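Visitor: Residue numbers (this note's numbering), protein chains in the order written: chain A, 1 to 113; chain B, 1 to 113.
Treat the hints loosely; a few may be bogus.
[Claimed, not checked] Distance condition first, Cα-Cα at most 25 Å in a straight line; then the derived DSS-like pairs of lysine-lysine:
id	chain 1	residue 1	chain 2	residue 2
1	B	Lys42	A	Lys13
2	A	Lys30	B	Lys42
3	B	Lys1	B	Lys42
4	B	Lys100	A	Lys52
[Unchecked claim] Only part of the chain B face toward chain A is listed, based on derived beta-carbon distances under 7 Å:
id	residue
5	Leu44
6	Ser46
7	Leu49
8	Lys100
Think of the hints as simulated: they come from the structure by calculation, not from any bench.
In this text the structure is predicted, and so the values were computed from the model without any measurement.
All C-beta atoms in this analysis are idealised placements derived from N, C-alpha and C, irrespective of residue type, glycine included.
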Amino acid sequence: DAGVTQSPTHLIKTRGQHVTLRCSPISGHKSVSWYQQVLGQGPQFIFQYYEKEERGRGNFPDRFSARQFPNYSSELNVNALLLGDSALYLCASSFTGDADTQYFGPGTRLTVL
Amino acid sequence: KQEVTQIPAALSVPEGENLVLNCSFTDSAIYNLQWFRQDPGKGLTSLLLIQSSQREQTSGRLNASLDKSSGRSTLYIAASQPGDSATYLCAVGPAGNNRKLIWGLGTSLAVNP
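Next comes chain A alone, as it looks inside the complex (with noise of 0.2 Å):
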């Protein structure tokens, strides 16, 4: 059975630019989870989703958006892109987001010139 995935791996934007960075989760599993990890520092929490709703949101700007699809895969949007925003994107699923253990994709690196 196919972990997390994430795609695109790699992405390099300049600033002022919008991105989509996308989810899939385990199957069977229903809630998404996405954070951001800057070089040497732990990841912070962006969002997360259980069942196509909005769960929690971290202290992020508004220029972060993300969504869930009815297949519970989702995508996180950031627009105009600031040099701040290169980090690892990573994304975790579990069956509900609560108690139970979060798996991590391999992340997305982006790249803001």
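Chain A is fixed; fit chain B onto it per the hints.
Guide: Below, chain B without anything else, positioned relative to chain A:
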């Protein structure tokens, strides 16, 4: 506000040693605690999940303990191997409706052959 601290920040040991990684948290009202492994530039691999009602979890050469009252968790790695070299992160799931994980900065482990 929950804060998670991991000590030491970096550790270098010879192959075969038993070692302990420490994680401390400031608010004992937690739902669960997870230990993850991250290889350079890669995503996160869940190692062990301890529910708040549990004291420890074991998987192979890994053992994680949880002492909520003192706000501490330890990850014990027995008979370390070069393949164990990675960054180990602990993440706390706080009690309450907000289920976002609070992360430590990690311990960078190097096991030398």
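Visitor: What are the numbers of the hints that this structure violates, sorted from low to high?
Guide: 3
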